[in-house]
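Protein chains in written order, with my numbering: chain A, 1 to 474; chain B, 1 to 226.
For the record, the hints were derived by calculation from the structure and aren't laboratory data.
A hint or two may mislead.
[To be verified] With beta-carbon atoms standing in for the labels, derived distance ranges:
| id | chain 1 | residue 1 | chain 2 | residue 2 | range |
| --- | --- | --- | --- | --- | --- |
| 1 | A | G174 | B | D3 | 43 to 49 Å |
| 2 | B | Q37 | A | A170 | 53 to 59 Å |
| 3 | A | E183 | B | D105 | 41 to 47 Å |
| 4 | B | V43 | A | Q24 | 50 to 56 Å |
| 5 | A | F393 | B | V43 | 21 to 27 Å |
All residues carry an ideal CB built from backbone N, CA and C; glycine is no exception.
This is what each chain is made of:
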Amino acid sequence: MTLETSSKRFPEQVRVARADVNLQQALGKLKLGLSAMRSAAVVRLPEFDRLRDEAAAIRDHTLNNLDHYLLRFEAAVKERGGHVHFAPDAAAANAIILDICRAANARKVTKGKSMVTEEIELNEHLAAHGITCLETDLGEYIVQLRNERPSHIVAPAIHVVKAQVAEAFAAHHGAAPPGGREEASALMAEARTVIRRHFLEADVGITGANFAIAETGTTVIVTNEGNGDLTQSLPKVHIAVTGIEKIVPTLEDASTLIRLLSRSATGQEASVYNTFSTGPRRPEDPDGPEAFHVVLVDNGRSRMLGTEFQDMLRCIRCGACLNHCPVYGQVGGQAYGSVYPGPMGAVLTPSLAGIDEAGHLPNASTFCGACEAVCPVRIPLPKMMRHWRERQFDAGLAPRAQRIGIALWAFAARRPRLYRLLSGTGARLLKLLGGRRGYLSRLPLGRGWTAWRDLPAPAGETFHAAWRRRRGED
Amino acid sequence: MSDAGRESVFAAVRQALGRRGPETEPEVVTRRLEQPQPNTVPVRGQLQQPELTELFVAMAGQAQATLVRLKDREAIPAAAADFCRDHGLPPAVVLAPASPLNECDWAAAGVSAERRLVQSGDPVAMATAAAGIAETGTLAMLSGPENPVTANFLPDNHLVVIESRDLVGTPEDLWATLRERGVPLPRTVNWVTGPSRSGDIEMTMLMGAHGPVRLHILLIDDSSPG
């Protein structure tokens, strides 16, 4: 398949996540941190909602003309002395990147944060061919040392607490530096020193691209740390790897999307570094890479074009839907078993890996709609999760208990008298069981609920009955 | 292999979009690329001087950059000397050999100015910004002999000179200005808003992740009392 996941084990992974004290402590900060900062930033920009409409329109227009814009982007990169490679799938992308690294006699490669290279498992591929690929984003670096996958698309190590970072550094860097390993600032300084050496030694630098601008053949990265810039400016070769859907028409269109991206992701007015890279270094430039390659990865994206899942391709990977999701907020990213977790992952992962692999994910939603409400490009995430549930049901992949339950309900729902009889009896019975307290602590077939909390007992009367009674009173 | 890959990607995209094969570029695409138009531009950045300068100063401060206003370019070396003294650093800066800042009288201010590419571990490097974006307090750095790109990221302290007449309101103004000047995009355009930072350890935002720990802006402002 195009995306490797452990999403089939979602229920077990959720149980592990719920019992993980460190993770629960880390997730508690998510709501107070990123969500609150986003809200404050939105208030400071009165045009925010109009920009969201325009951003969605920019993405729609580009996707509907993707063949034309890909050609223009390719031509513009070539005109400025760069190279564009098209990869139909993960294997092709890895092969292209390995070829470029080999042609540069690369032994050591540094990498800026890139979800697409996580998706194609580039690090593992290069390592299998004797090339060390080092993550340089602080969060990605921590996750790589811990031999894990990122748990958030913007804050990869959000599940890790300080003491665990110190442990990972002790295991890989040896004795503690003079500043010790107690404070976050000391840990960051230690990482800065270690990773700086890698920047200077790397033969090739690999980054993602938040946007690829057709007008100028420019790739854009948006970071706060500056690691992407050191990655792409110091080595002699720069490879930018991104999805085919990341094309935007013009510098102006990119600017509109950047306004939304920083605010939606971290609540910043602007991320610290927005970098526009066009071709390799020029003859008069004293530094910068001698070669510039862009690898555009399909890996299942073209299959979504022209379908009910096309809107998902508008995504600019800000992570706001993760930060606002009550399910993500309880289980974190790793339970999802995919590099794309949370609501965006619940739609994207089945699209890339198949619904048979990732069927649990679109079901792990309360449909509260918070994700759609904060999405900067207005992706109708709950609607698309529903599409996946329908496809899953139609394909006969839904669990047996669920299929039987729905079949029984449908049988009754098509027979109004039977339905009223059953629901009326049920409501009275449950009220009785609820007793004076009005709550049920145990319920046959309802342990999934009552194991965690009491169920409020119904009022003893169905809506139908109450409605008829009221009309009678009028 | 990459050519077969290219064909395969284009075939898949065209099929998904219901094309019968390679089609002529629609007018709407050509026009959009050849006459780029701004989308909604927030009112905040649509200002004239002196408000433009005031917004730039306020936003740069919000992004944790420090800033000093200077009456003219002659005041640059003394301002660099002040910065070094305030942070307990020897009075020494690194300049690109082709930097316009070479014209300054560094010796008179007691500052040693080395003309070379910035190296990792250099305490202080100086650069000049082509423009500043008031909306976000952002510096626009254009790579080239005058401003090598690595100088923006390798030093611990980054001192950037910007003239108030080079301030624009918004990114859209920046692109329009560059197109008017007729200069093609350099290899790298860096928008820099404050010093490098990371919140990757327990969401505590700390300065100096990989790039400069401090960003100090020297704003040349004719209207400033100095």
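Structure-based check of all given hints:
For A/G174 paired with B/D3, a C-beta distance near 48 Å keeps the hint of 43 to 49 Å intact. With their beta carbons about 55 Å apart, B/Q37 and A/A170 fall inside the hinted range of 53 to 59 Å. Our hint of 41 to 47 Å for A/E183 and B/D105 holds, since their Cβ atoms are close to 42 Å apart. For B/V43 and A/Q24, the hinted distance range of 50 to 56 Å is not satisfied, since their beta carbons lie about 43 Å from each other.
In this structure the hint that A/F393 and B/V43 lie 21 to 27 Å apart at CB is violated, the actual value being about 49 Å.
In summary, the numbered hints that this structure violates are 4 and 5.
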